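Chains A and B, in that order, give the protein sequences.
Under my numbering, the first residue of the first sequence carries the number 1, and numbering increases by one thereafter.
Under my numbering, the first residue of the second sequence carries the number 1, and numbering increases by one thereafter.
Treat the hints as calculated values from the structure; they're not laboratory data.
Predicted, not measured: the structure shown is a model, and the values here were computed from it.
Honestly, I wouldn't trust all of these hints.
Heads up, incomplete: computed chain B residues facing chain A, CB under 7 Å, no partners named [to be verified]: (1) A12; (2) G49; (3) L128.
Only pairs whose alpha carbons sit at most 30 Å apart, straight line, appear in this in silico DSS-like list of lysine-lysine [claimed, not checked]: (4) A:K28 x B:K15; (5) A:K190 x B:K112; (6) B:K15 x A:K88; (7) A:K250 x A:K209.
All C-beta atoms, glycine included, are put in the ideal place defined by N, C-alpha and C.
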Amino acid sequence: MIRDFVYLRPGTLDEALALLAEHQGECKVIGGGQSLLILMRQGLVSPAYLIDIKHLSELNSIRLDGNDGLSIGATTTHRAIETSGAVKAHFPVLAEMEQNVASIQTRNWGTIGGNLAHADPAGDPGPVLIALDASFKAASAQGERTIGADAFFVDYFETALRDDELLVGIHLPAQQPKSGAAYEKFTIIKNDLSVASVAASITVDDSGKCTNARIALGAVAPTPHRAIESEQDLLGQSMSEELLDRLSDKASQAAKPISDIHASEDFRRHLVKVLTARMVAKAWKRAIAST
Amino acid sequence: MTVNGQFYEVYANPKRLLVEVLRDELGLTGTKRACDTASCGACTVILNGLTVKSCSVLAVQAQDAVITTVEGLAPGGRLSPLQQSFLDHGAYQCGFCTPGMLISATVLLQEKPNPNRREIQEGIHGNLCRCTGYNSIIRAISAAASGEQRQEGQ
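Isolated chain A (complex conformation) (with noise of 0.2 Å):
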């Protein structure tokens, strides 16, 4: 049963941090709800204002910088990155994410920044945009910051997002040539949130070596975070079966899961054994194949 709440509909931006500023640790901050309905309905949240962005068009954007560069407004809907021309045209990794995100219908009222700011460490975006090195903007009356995408998520469904401060967008700094990324999650059922989930970005050089590599566990900690060894273990190396095997017992090793109903701690380990091996191996060869 959800609890009464104060509804607040800013009309802008501005009107919308002002609100935040005045109500901070007695409002949330809704988009599409998905998650946040959920969890007002199971009475674990139960705000005394609730501050409606979701109608803000001025935050529903996909677009290319000078340098192609992208830059996703917060209320932008999943369903729209999954569609985007220019995300599939130069992140393609994030559209075959966005596609196995829930169902068709939640895609459709989602919001990419509500999606990050509830911060599930079983959530499919935080891996992927860590390992394409985003950056997340977050604003407040006082000014405006921006926030590495390894550094936003603290904890459990806590984000390093100030009380009056707001996520307004995401920026995806260009692809250097010849890099590529995949994302894979292991799911009890399709498109359910995963039990344990990998993303890897990998940049070659001409002769097929590694010179940049960025590697996202997820759902297998309190937070999405990478496996900082496994990716040095990367860097100056030629792609060898010895190579994946090594750095992703290594990731397995970095990644902290629990044991729940969907699977066990060694299970857990196991598929991120897998998953880093096979992740790593496919954002190599569309490194490779890429220009």
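Dock chain B against the given chain A, drawing on the hints supplied.
Structure of chain B alone, referenced to chain A:
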């Protein structure tokens, strides 16, 4: 909000869900309320051209929206080709998932007029049939896409 072509002015507590307003205020009980956690899809409606789960949308967020519920698929009581096809193929057992299935399939056929089996499966992925009658549902959608449904009265 405009529902099935008719404009409604509704006063509701902001915590009321779209499915509650559709069913309890407007009397449009074709839309079903089942899992209440955005899992089953029985409450699916078309909102500004896109399917959403009306158990997971605040009614106040749908202000000014254009909505189609299952009642809107059969204006004047004439079944749509897709509805006729569901009848032809017995694409329901208990019938509880049928309104949501029809809504999702209607939008699927608007976006992809000739879907293959896999595209149909993906199109109704967000709708559960607890009777597990998926095969007849997929056959019905496929037949409607090829215009194979019977004419009324036949």
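Regarding the pair A:K190 and B:K112, is the alpha-carbon distance no greater than 30 Å? Given pair A:K190, B:K112 holds - Cα atoms ~22 Å apart, limit 30 Å.
Next item on the list: For the hint on B:L128, just tell me whether its beta-carbon gets within less than 7 Å of chain A.
Entry: B:L128 check fails; min Cβ-Cβ to chain A is 10 Å, beyond 7 Å.
query: When the nearest CB of chain A is found for B:A12, is that gap smaller than 7 Å?
result: violated, 10 Å
Regarding the pair B:K15 and A:K88, is the alpha-carbon distance no greater than 30 Å?
Roughly 37 Å between the alpha carbons, so the hint for B:K15 and A:K88 is violated.
Notebook entry, point to check: Can we keep the B:G49 interface hint, with Cβ of chain A closer than 7 Å?
Noted result: With a closest approach of 9 Å, the B:G49 hint is violated.
Q: Below or equal to 30 Å on CA atoms is what counts here, so check A:K250 against A:K209.
A: holds, 20 Å
**Asked** Given the hinted pair A:K28 and B:K15, is their alpha-carbon gap at most 30 Å?
**Response** holds, 13 Å
Going down the numbered hints, you'll see the structure goes against 1, 2, 3 and 6, while the others check out.
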